[in-house]
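Chemist: Since chain R is already given, all that's left is putting chain A on it; use the hints.
Protein chains in written order, with our numbering: chain R, 1 to 308; chain A, 309 to 616.
Treat the hints as calculated values from the structure; they're not laboratory data. The reader is advised that the hints may include incorrect statements.
To be verified - Here are the simulated lysine to any residue pairs, SDA-like style, with alpha carbons at most 20 Å apart: (1) R:K60 - R:L89; (2) R:K187 - A:E526; (3) R:K191 - A:E500; (4) A:K443 - R:K187; (5) A:K499 - R:P194; (6) R:K191 - A:K443; (7) A:K499 - R:L195.
2 protein chains.
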Amino acid sequence: MGRAIKIFAPATVANIGPGFDVLGLALQNIGDEIEMQLNSEGGIKITMIGSEDLPTDPTKNVAGVALQAMLDQLGSTQGFEMTISKNVLPGSGLGSSASSSAGAVFAANELLNRPYTKTELIQFAMAGEASIAGKPHADNVAPSLLGGVTLVRSYTPLDVVNIGYPNDLFITVVHPQIEVKTADSKKILRKEIPLELAVAQWGNVAGLVSGFASSDFELIGRSLQDLIVEPIRSMLIPGFHELKASAIKNGALGCSISGSGPSVFALSNSLEIAQQIGEGFKTVFNRLEIDNHIHISKVNIEGAVIVK
Amino acid sequence: MGRAIKIFAPATVANIGPGFDVLGLALQNIGDEIEMQLNSEGGIKITMIGSEDLPTDPTKNVAGVALQAMLDQLGSTQGFEMTISKNVLPGSGLGSSASSSAGAVFAANELLNRPYTKTELIQFAMAGEASIAGKPHADNVAPSLLGGVTLVRSYTPLDVVNIGYPNDLFITVVHPQIEVKTADSKKILRKEIPLELAVAQWGNVAGLVSGFASSDFELIGRSLQDLIVEPIRSMLIPGFHELKASAIKNGALGCSISGSGPSVFALSNSLEIAQQIGEGFKTVFNRLEIDNHIHISKVNIEGAVIVK
Chain R
1 MGRAIKIFAP ATVANIGPGF DVLGLALQNI GDEIEMQLNS EGGIKITMIG
51 SEDLPTDPTK NVAGVALQAM LDQLGSTQGF EMTISKNVLP GSGLGSSASS
101 SAGAVFAANE LLNRPYTKTE LIQFAMAGEA SIAGKPHADN VAPSLLGGVT
151 LVRSYTPLDV VNIGYPNDLF ITVVHPQIEV KTADSKKILR KEIPLELAVA
201 QWGNVAGLVS GFASSDFELI GRSLQDLIVE PIRSMLIPGF HELKASAIKN
251 GALGCSISGS GPSVFALSNS LEIAQQIGEG FKTVFNRLEI DNHIHISKVN
301 IEGAVIVK
Chain A
309 MGRAIKIFAP ATVANIGPGF DVLGLALQNI GDEIEMQLNS EGGIKITMIG
359 SEDLPTDPTK NVAGVALQAM LDQLGSTQGF EMTISKNVLP GSGLGSSASS
409 SAGAVFAANE LLNRPYTKTE LIQFAMAGEA SIAGKPHADN VAPSLLGGVT
459 LVRSYTPLDV VNIGYPNDLF ITVVHPQIEV KTADSKKILR KEIPLELAVA
509 QWGNVAGLVS GFASSDFELI GRSLQDLIVE PIRSMLIPGF HELKASAIKN
559 GALGCSISGS GPSVFALSNS LEIAQQIGEG FKTVFNRLEI DNHIHISKVN
609 IEGAVIVK
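Next comes chain R alone, as it looks inside the complex:
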């Protein structure tokens, strides 16, 4: 048995309102823990804790696929064993699979003495994502690896950058215990959109990025609008409009769907407001008799980290 490592790869909120498929942020204190060690017999062995439905076959588990993509690139036949402890269920809209993909390549990269930078690891974690979503995606793996708020400016070539945001930005997330599969929620989107709507959307993207960069909370609030995807995907989330109204009433800057849902997030500029928003979210889902978890945090600036 080789050296062992334990890492944490955070859950993430992709899209952040208008930034469909390009923006994402990392959360604190929620995500996957992965214990990994080298294995002299070769091959990848996966044990799952907390989500026993997920495959442990490394060719079917996103973490295995991501790690294999990295080993293929390295031309390595090194074996690995990993135990993935999940505290975010798949189909949450919080980048659960991305945390596993990102965490696996981050851990292996550490065990192999960092042949790659974190940014270079994104491409391998994307291979994990592609194995379940059909298309390589970086809007969750990028923030899970890098931390902060990330922009996937382009896929060909892959261009991911961290963008500025206010230190006192709080995120309230509610995760209703119902599942929406990303693949399903992609299918219902229109393939063509009116130019006028696209212009309004990139006006909001520009406002959000500028508001983040200049700590202009009012501009962030006005810009946190998704005119294209939210109107469609919100139909799959029971109580969405009440959640949003409740968040705004409680002082949120804005509120939208986390990733492809069903989790919903709101941004605010104080812990107190973030907590009030959480209470409001809980009230709405409790009335609908839908089990739900509330998570409140600031932006995670570190991304994937070694725990021990």
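Modeler: Positioned in the frame of chain R, the structure of chain A alone reads:
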């Protein structure tokens, strides 16, 4: 005769690559000068210098329409006389009509002891723009009034903000002496666009705004791409691809169409490079035997100003 004033309202570069219909910046040392005075007989009288083809009938001249919109809102029957000296021809893509619209309301507002803020004047200047473009537009009048780099985040409600940009940003503009009417260049655009292309565009908008805010010139360069409008409008500009190739070769961060063209602009981070780009532009158009003017400046931080 009442008090007289002379103002300058700068020419502008709208869109700035990916920010179609939302972003714009003001240029230094190029634009309209307007001399205005109160007139006790009522009515609006306009004299044009430098562009004798433009109408002087105040109901047909953008400056007259804009000023009348402001007077209507004020419930005023005050008369005005103005002389508009144009050094940018209409149909240039440098916001020629916007400079007149913005300048007229700015001057009148000063003569009336500032009933409105500059931001409030945008709506009136837009009325001038609407009288020739058919649809109210703010992406030229906003920077001409406010200066700097502006974002028109939304039209309903109107939400215009200044966004951050690097101090050492240079703009090289070439204005070929051929005319493209904004109305024509709008007509050739598609009304529906693929979602995938829209996503790529707002990735670039986010990158440009973030690059501007953080003075990340490389990111500005990578993001200065318009995948939607430029491929279509560039067909109306002779030599466009050579101009762009020449600008990049000369060290430009990026190069695209100014407004609806035919002027073409490039961004750079030094005066020397900006001048080299200008030489390159000149060479391309001279070879095509198209008369052209080069203009080099930094971003104009003041917008419309009183000259005396």
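Chemist: Now tell me if each hint is right for this structure.
Modeler: Structure-based check of each hint:
1. Proposed proximity of K60 of chain R and L89 of chain R is supported: the alpha carbons are some 17 Å apart, at most 20 Å.
2. Restraint check for K187 of chain R and E526 of chain A: not satisfied, since their Cα atoms lie roughly 35 Å apart, outside the 20 Å limit.
3. In summary, the hint linking K191 of chain R to E500 of chain A is supported, as the alpha carbons are separated by about 10 Å, within the 20 Å threshold.
4. Simply put, K443 of chain A and K187 of chain R have alpha-carbon atoms about 35 Å apart, too far for the 20 Å limit, and the pair is violated.
5. With a C-alpha separation of about 6 Å, the suggested pair K499 of chain A and P194 of chain R falls inside the 20 Å cut-off, and the hint holds.
6. For the given pair, K191 of chain R sits about 27 Å from K443 of chain A by alpha-carbon distance, which is inconsistent with the 20 Å threshold.
7. Between K499 of chain A and L195 of chain R the alpha-carbon distance is near 5 Å, which keeps this suggested pair within the 20 Å criterion.
Checked against the numbered hints given earlier, the structure breaks hints 2, 4, 6 and satisfies all the rest.
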